[in-house]
Structures are given as structure tokens and as C-alpha cells.
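Q: Okay, here's what each chain looks like letter by letter:
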Amino acid sequence: MKTDPHPLPAEEDAPHGHPHAPIGEPPPLPDAAVPLGNQVDGPTVSSEESFSDSLKHPLMAPPGAQTLAELAAAELPASPPAAWAGAIAELKAGLAGGETIFGWLETDLDERLRFASGIIVLTDRRLLARGADDSEWRQWPLVAGMKLVRRDHAGVGSLSLSDSGGLLMLWRYTLAEDAAAGRLIEQFGRRLAARLSGLQPEPPERAVCPHCKNPLPPGEDDCPQCSREIHEAPSTWTLFRLWRFAKPYKGQLLAGFLLMLASTAATLVPPYLTMPLMDEVLIPFQNGAPIDTAKVYMLLGGLLVAALVAWSLGWAKTYILALVSERIGADLRTTTYQHLQTLSLEYFGGKRTGDLMSRIGAESDRICVFLSLNLLDFATDVLMITMTAVILFSINPWLALVTLAPLPFIGWLIHNVRDRLRYGFEQVDRVWAEVTSVLADTIPGIRVVKAFAQEKREVARFKEANARNLAVNDRVNKVWSVFSPTVTLSTEVGLLVVWAFGIWQVSQSAITVGVLSAFIAYIGRFYARLDSMSRIVSVTQKAAAGAKRIFDILDHVSSVPETANPVPLPQPFAGNIEVRKVGFRYGNRTVLRDVDLDIRAGEMIGLVGHSGSGKSTLVNLICRFYDASEGAIRIDGVDLRSLSFAEYRRHIGLVLQEPFLFFGTIAENIAYGKPEATREEIIAAARAAHAHEFILRLPHGYDSLVGERGQALSGGERQRISIARALLINPRILILDEATSAVDTETELEIQGALDNLIRGRTTIAIAHRLSTLRRADRLVVLDRGRVVEEGPHDELIAREGAYFRLYEAQTKQLEEQVAEAGWVVTGTDRRRPAAKHAAE
Amino acid sequence: MENPNLTATAFDLHRDSFGQLVFTAADGVEHVGVVPVRAFPISAPNGSLSLLSAEGHELAWIDEPQALREDLRTLIEDELASRDFMPVILRVNSVSSFATPSTWEIDTDRGPTRLVLKSEEEIRRLAPPALLIADAHGIHFLIRDRYALDAHSRKLLDRFL
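Protein chains in written order, with my numbering: chain B, 1 to 841; chain E, 1 to 161.
Wrong hints could be hidden among the right ones.
Pairs of lysine-lysine, DSS-like flavour, derived with a Cα cap of 30 Å [claimed, not checked]:
(1) Lys463(B) <-> Lys478(B)
(2) Lys118(E) <-> Lys155(E)
(3) Lys463(B) <-> Lys450(B)
(4) Lys155(E) <-> Lys295(B)
(5) Lys155(E) <-> Lys478(B)
(6) Lys463(B) <-> Lys118(E)
Pairwise CB distance ranges, derived in the manner of DEER restraints [as the list claims (entries may be wrong)]:
(7) Ala25(E) <-> Gly602(B): 48 to 54 Å
(8) Ala460(B) <-> Asp109(E): 32 to 38 Å
(9) Arg770(B) <-> Val22(E): 35 to 41 Å
(10) Ala405(B) <-> Leu132(E): 28 to 34 Å
(11) Arg91(E) <-> Trp243(B): 37 to 43 Å
(12) Leu132(E) <-> Ala144(B): 43 to 49 Å
(13) Leu705(B) <-> Arg91(E): 55 to 61 Å
(14) Arg91(E) <-> Arg770(B): 34 to 40 Å
Hints were generated in silico from the structure; no laboratory data involved.
No residue lacks a Cβ here, since even glycine has one placed at the ideal position from N, Cα and C.
The shape of chain B in the complex, shown without the other chains (with noise of 0.2 Å):
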């Protein structure tokens, strides 16, 4: 049975100042109010809630200590939907004698389930409603006996209004509406019970949410429900955001830069020494005057110096910008990794490993090899052509015009191919990650592979995930291959005009000869800049694609996010858990819904229920490894999610059913929780968790290494090393999650030992399939389809014959089997008490 979690004591009416009641009946509840009991009766896949929980809300003064329509102000949601705005307006205006609206609902489908809005709105007297295409209000009035319960299926939510003569109205709306469809039963049934008691209810205990009816967790304005639902894409600028990353490092950026402008301007100065050297040296020599030695010293000198200037700020400006990129990618590996580490399960379970390790990898090593490479060649080049170009205008502006002219056409190919490179290559990194998917998926999975005789097929999976990676390939090399000797083309015919230009001006006496060589020469290196400027749009691209990757995990926000003032633990911490009315949604699939529990400090507490109950789940939520859909759980007191991780885990000792070791000693693996343990400690925690003696046996002792490529360990073993791990960090709540499913009957035996030291005196909750290894717990709480169908001591619940005693009856029938086929003689048992209770007493 369902623990109620708001009595109606009479002492909690009394902090409220409305000591009594006003005396008469006690307030009438509505007859068809579904007993608690009762709901199991949940169709199967799906799941459902009705008002009758929120009757148990203690009912206050009648009306006159407060106006209902101050009390309505305090319950209604901020404003109302947009669609809805003006035909709320004008119902709110026809309201007579003093009808007051407390609630609405807008709904996204129609009964056939298409998509159209509708609107359901609650007064405290009457329930109406209106669809897309009705003119009027259909309304009913809130009677005796009406129900309003909602379920959902497969993504869509269903609510239904009945009577005790059946059922009078079926709205539909998706999920995205489920939190507000919760809130309106819950106002429909706080309404129903005043309208027939005439006593209002008291308003809802603490500040809630806006949108979803969830309480803020203290010291938070943002509902941390609502605020992660806030979809907004980063932008496609993304390589600009590097600049985060590039800041520490502004100083050797600027250097680098400087060195960068030198460098290239003493490229630049060897064209230019060849006009003088043309037309003052060779072209009067070959006129018959003498060559003037002084003069060619002096000039060839100059393309000596200007060559060892260009080489030695060329080779510094390298080494310091690589060195800062390379450091740019690393800060960056190391942000990346370290955000993914806040992330919440949920997005680990979504994403598959081999793309998570090629992002940080490969996709950071790609921005590192664009930042240090790629960038830095394309600054030099632009710098190089606007110098050219402001070299080429000063010498002569009419063949620096024509020089220049084939530039527009190159910018706009260059453009024109940008948008389908770019895409293009988003996709054949994602491909690549498909094909390293297969891989990550089969090679752990190699013993079924191999044992189903599926290689073939796994081959020919990986050979398809290939061919697509071809396929995308071949795409996208078919616009870059056009590309390259395009531009090639493009420098050959600008080369063709600039000679047919130049001669036809030489011979116009326009311009000398040692002029139209230089251009020559200064133009070879333009276009040849041109053509691996060209290129710089495939990295670009790359490195565009590679970094919205990498911040595409750093844009994630957890959707167990850490609070900005995190409430500190209660002091001396005692272990109180509280669970409220907790429901949790997984994709479209309700795993828990309404799950009451409370556990006390000490207390160790089993977790009965078929596989898919929501045990796990359960636990996961109090781990806070995910955050409830709906409701709250409370850590002595406190809201979990206004707690602050790392304080709040420091408490919590975790041993699942297949243990995890690092690979490291068999020391370090203990500590892991407690890194700055003292070799005492370690040995202690050892010995309690009964793991001393084997590691001894272990031919490095302590020192042994395990984990993968390590010692190999037994399951046992294993086991009582991750159960040492948790004794060590001493935690106040435990959790054990089928913590000796994985191993026989008889090295249960042997973890049992080690798990009763570490149980004693710490909340525990145990999730064990075997029923017989929670013969400690001191209370058993069985979950079914997401609910708490019954709570109590094991021999209460066998006494109850309820889903507790089927599912002992189903073991211990099996069990007998087991040992009957055995060929073992059973004499009659009492299934009702267990034999492990015998022993315990």
C-alpha cells in the first residue's frame, strides 16, 4: 500500500491558524473517488492519474479569509495560452456571481488525434471546454462523483472527464502538455472537493513553477524542469567561438601576427628589386651600356637579405602561432572532456561511445591542425594579395586593374561552392562516425557475434555502413574535384590576359619592360595564393563541421543541471529520504508515475518487482543521475535537485551488479572515492568487505593491477573489492543495485558477509532479484509498472497474499523445481515464512 504522504494529522492544521475545522461532518468526498488501492488497474503500457490524491490536501476556512479570487491568482498559471487569449478574455467577462477561473488546459488534438487546438478551462464551478471549430463553450458543472483522470500512451495524453453514470467528455494532447493536464486535475479536484464542502483547500505549499507544477528548488527562479525544454541551435558561426578558447593567449597571438605582417612583407620585396634590376641593369646592357657592378651588388644583396629576413620571422611566426594552436586544441580537448563529465546518463545512453571518442579526438585534432596550419597559411595569403594588390595600384593602376580582374569571378566560385563543401562534409563526418558506431558496437558484443555465426552478417553491416561513407564521399569529391583545376584555369588565363595586356602597353611605350616583369613575377604568386586560398575553403568547412561537433556536446546543457546556490547538507547528515510524488518519463515511455515513499535514516529498505517495475529507475532518480519528471525527493529535508553534486554523492556508497574497475591497483581502485586514503584505511575497508585475504593471495598483493588489460578477477572478487570502495568512503546512504545478481548461490554467501558490514547503520536500498537476499531489509516495497503497489515487512506481505506473495510463491516454486529435477527430496515447506527468516531469527 501506498504510504499517504500528507495525513491529515490534526496538528498540521494548527501552524496553519484554522485550529478546527468548522465543526459538522467531516468533509464529504466525492463517492467515485478511486481508492488508492485501486489503480493498479492501469491499462498496461500505460499509465494513469486521477485527482483523488490531491483530496488528501487539508481542507481550510470556508470562503471569506480569502477571496477566491485572490486564492485563484495565487494557482493560475501565468498566462494564458496565446490561441486562447481573447476567447479566455471573454469568458472571464461573462462570469457571473462571482465565478471565478482557476485553472485551463490548452490541448493539441482532436479525438481523432489530428492536430488541432483546443481549450479546457476550470472555474470553481463548472468545467468547460472548446475545440478548434466549436462556437460555444460545452460545459459541466462540477457534481458528486466526477472524475477527471488522465493517461497516456505511446507520446499521446489522454484526459477523461466521467460521472458515476460513465464517461462524459475525451480530450487528447501530446506530451508536451502532460505537466499542465497534471495541474488541472489537481486544481479540478481541489475545486470539486471545496464546491461540495465549501471549504477551500489550502494553497499549494511552496512556490511552483510556472509552466509545470513542479516547486522551485530554493534559491532558483528557473524551474529546472522547464528551462532545459528552451531549444535554441548555436550558431552556425561556430568557428568564432573558438575565440573563447584563443584568449588566454592573446599576447603570442598579437606577436605572432606582427611577425606575420613582417614576414610577408619581406616576401614581397624580391618582385620589386626585379624592376630596377630589368630596367636599370639588363635592358641598357642590352643596349649596348656597361653593367653597373655596384648597382648589381646592391641589388642582389637585397634579395639576400630580404630572403634571410622573409626565412627567420617565417620560421618564428610558425613556431609561436603551431604552439598556441596546439594549446588552443588541447584546452579544448580538456573543456570538452571535462563538460561531458557534468552531462547528465540520459546523455551518455543517447550518444554511442565511438562518437563521443571521435569527437573529443579526431574532430579536436582537426580544429588544431585548421588553427595551426590551414588559418595561418590563409591570414598570410590575404595579407600577401592586399599588399600585392596596394604594391601592383601604386606601380602602374591600369594593369594592376587588369591584373586584378578574374578575382571577383574566383570570390564568387568560391562562394558558390562553400554551402555544398560545408554540408557535404558534415555528412561524411557523420558517416565516419557510423562506421566507427559498427565497430563500437560489435567488437564488445564479439562472443554473440560469433556464437549466433553472424559475422557474415556484421560484415556485410560494417561493408554497407562503408559504402555510405563512399557514397557521401564520392559526392562531395565530385564538386571539389571541379573545383581545383578550376581555379588552376582561371590563374592560367589571368596569367594569358596580363601578358596580352602588358606587351600591347610595353609596345605603347606605356610601361617598361622591367614593370611588366615584375607584375609577372608579383602576379605568379598572387594567383598561386588564389589557388591554395581555394583550398582553405575545404578545411574551413572541415573545421566548421568538426568544431559545431565539439560544441554541440559543450552546448548541452545537463538535464540534471547543477543549482547556481546550492543548499548545504543538514548537519550531522542523517539519511532521510523522502520521495513525493515522483513520476518519471523515459522518451515516451512512463517509467514511474506517483511514487510515494519515505525511507528513515538507518533504515535499509528492498526493492521488489518484475524487470521493467522501475526499480532501477528509482534508484537512479535518488542517485540523481536523472531528475524526475515530476514531484520531488527529499534528502533530509532538502529538495535533491537544490543540493550540490559533489557534497551530496560524497554520501552515497553505490555497488551495482557488475562491478567496474579502472585499470590500476587494486589499492587505487578501493580509494577511488577517497583518493588521499592511507594504505590503513584501504586495508580496513578490505578486510570489512572480506576481500582482504584473496588480495594477499594476489602475487602483487595490493599493488596488483586489474581492470581491462589487468589481474583477472572472479565476479566475487570483483565484487568485494567495488563493495570495499563504498565501505571506504563511508556513506551515510547506500545503494545496492542487484549487487549479487551476477554471481552464484554460493558467492552470494560470501558478498552476503561483506554487505551486512557495510549495510550496518546506513540508510540502505537494496534492489536484489533473489527475494531471499533481503531477508535484512526491514521493510519491502514492491513496484509494479512504474507504481508502489504494496510496502511493508515481508511477513506482512506474504500474510497479505498480495503481489509480494505471487512473486515469493513464483520463486520458491521454481526453486523447488530446481531442486526437485535435482533429485532432491522436498518435505513440505511453509512457503508463507521463508527459510532465510528462520535462520535470521
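Once you have looked at the hints, place chain E on chain B.
A: Quick look at chain E alone, frame taken from chain B:
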């Protein structure tokens, strides 16, 4: 159930005043709140289906819904129509951005609406050329043949594949 030979006439169905389906088994036992479930909602939407009790146990397996008695079929189809929700995308009108999360304005066979795509991984490739897109609220949108969409939708969609 264990008995696969439950024939179409071995049970009876009717709808009660609360709108719930009531199943009457051959032995006269009544089950309220029966739910019809398609076995292969995507790959064979008109194929076999099962009737589950409110507790989730199979009451009857219907191999060929078409062969059912007329009134039973109508009841089951009505119930399925009010439960099955997998809008088919007919056209993608616009997307808010090519980076996720992205909001799409779409036309579906159930009218125009919008969906929020959390990440590209939410687009699942079914047997080609079908795609299944899960939106941020857990609704699954189906694209039966992505090559049969118009050029504009295809171009937008391509950016996410």
C-alpha cells in the same frame, strides 16, 4: 495466451458507458479496459494484433483482423484509431537551424504542427527508405519514403542525415 487457436468468434467485445472496451471470453469471464495492440505497428500496420487486459496479459491473438466479425472489427479499429499516434510527415516547411536542437515546421497526415529535433541521432533509419523521427516530447513521426518527399523537404531533411 498459450492457445494460438483462439478464433475470432471465441470472444465478444462491447464498449461500456465509460468508453472502455469490455472483453467477454468464451467462458463468460468479463475483462474491462481491454487494449488492442498492433504487433508490428510500423512494418505491418494492418497485420496481426493482440488484445491485452488492463493488467497487460494477452487475452486474444488476432492473426487476421480483416477476417473478424464486422462489429468487432469496427470496435477494435475505433479504439486503435484513438490510441495509435504516429503522424506521417508529408512535407517539411522550414527548420529553425541546421544545428540541433532544431524546430521544424511540418505538414503531417494529421495536420500541420511543429517538432523539436534534439539531435540527429533522433532520426532513426528504418528499413530504407523509411525514417522515424522522435521529437523532444517523445512523439514518433514517420517518413514513409524520404525520396518521395518534394525537393524542398528533401533538401532540408538531407542536411540532418
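Q: Look at each hint and say if it fits the structure.
A: A quick look at each hint next to the structure:
1. Lys463(B) <-> Lys478(B): 22 Å, holds
2. Lys118(E) <-> Lys155(E): Holds, because 19 Å separates the two Cα atoms, which is no more than 30 Å.
3. Lys463(B) <-> Lys450(B): Cα-Cα ~18 Å, so holds.
4. Lys155(E) <-> Lys295(B): Given pair lysine 155(E), lysine 295(B) is violated - Cα atoms ~65 Å apart, limit 30 Å.
5. Lys155(E) <-> Lys478(B): 18 Å, holds
6. Lys463(B) <-> Lys118(E): Within the cut-off at roughly 29 Å; holds.
7. Ala25(E) <-> Gly602(B): 48 to 54 Å: 50 Å, holds
8. Ala460(B) <-> Asp109(E): 32 to 38 Å: 34 Å, holds
9. Arg770(B) <-> Val22(E): 35 to 41 Å: 39 Å, holds
10. Ala405(B) <-> Leu132(E): 28 to 34 Å: Once the Cβ atoms are compared, 53 Å apart, the range 28 to 34 Å for leucine 132(E) and alanine 405(B) is violated.
11. Arg91(E) <-> Trp243(B): 37 to 43 Å: 39 Å, holds
12. Leu132(E) <-> Ala144(B): 43 to 49 Å: The hinted range 43 to 49 Å holds for leucine 132(E) and alanine 144(B), with Cβ atoms some 46 Å apart.
13. Leu705(B) <-> Arg91(E): 55 to 61 Å: 59 Å Cβ-Cβ, so the 55 to 61 Å window holds.
14. Arg91(E) <-> Arg770(B): 34 to 40 Å: 54 Å, violated
The structure shown violates the earlier hints numbered 4, 10, 14.
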